[in-house]
Amino acid sequence: MRSLSTLLTFLLITRITASADNYLRQPDIRSTGLGGNEVTQSLTFNPSLLPLYERKRISLDYYNCFGVKELSTFSGLLMLPNPILPVGMHVASFGYEEYRQNLFRLLVSKRLHEYWTLGAAVQYASLQSILHEENPGMLSMDLGITWSPVDNLLAGLLIMNLPYVPLKDKDIVIKDFTGYKIQAGFEWLVLNSLFIFFTLEHNNDKQITGSVGIEYLVEDRFRIRAGMKATPFTPSFGVGYTFQSFTIDVAAVYHAVLGISSGIGITWSF
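Take -17 as the starting number for the sequence shown in the working numbering and just add one per residue.
To be clear, the hints were calculated from the coordinates, so they are not data collected in a lab.
Fair warning: there could be bad hints in the mix.
Stated by the list, open to error - With a straight-line cut-off of 20 Å between C-alpha atoms, the simulated EDC-like cross-links for lysine to aspartate or glutamate are:
id, residue 1, residue 2
1, 51, 80
2, 92, 133
3, 51, 79
4, 92, 52
Using the sequences and the hints given, assemble the complete structure.
See below:
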């Protein structure tokens, strides 16, 4: 059993280092159901979204990749909007006992103008593994900006992991933080009940990919979502239901080779 765990840990490290997928930095479950359009939707990515919320929030998410329990991510987000300087805190953990990545992130944002908001986040990520004597870590920074010239349109720009600084053992990297990403996208309320989302992403591997999503408000408390990411091609689906101050979101993502990933999240607004 010990050798099997060691082999799984090695495969995890190999896949995470070689893959374009990020397991530690997952978008919130709503964004996941929308094809991963994070730049105008997910505070776990874009800190400049903070001033757009009027109420405080606590969110808890669980996301499982491909039905393998060792590929599960738990995350929590605390939002404290206020007129002076909105702030937030985000924590996440991916993996299992013998291989685990952890994230601690602080967010701060400011409304610069009626139409513009600017935000920054500093995060520390660490890796714990039976294959390493030390627990390497990494510091990085995100910078985001949003623009909303009219009520039914929101555009965003996000620069992730620039700069990033490895700590302790610099030969060991955490894939989610080894290079920059630039995302640009928009959210458009086409009708009173229909949203359209679109995002383009460029990363340090010189890859350009995109995602699209739609969300339909069936009634005041129930929403259905669908989306698609281009590289790799991964369609997604999700629903959301609000009851008083609580919202529950569920999402599923399909990969043609690896199968289905799923997640659930709950948010309390107060």
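Against the earlier hints, flag every one the structure doesn't satisfy and list their numbers going up. Checked against the structure, the only hint that fails is number 4, while the rest are satisfied.
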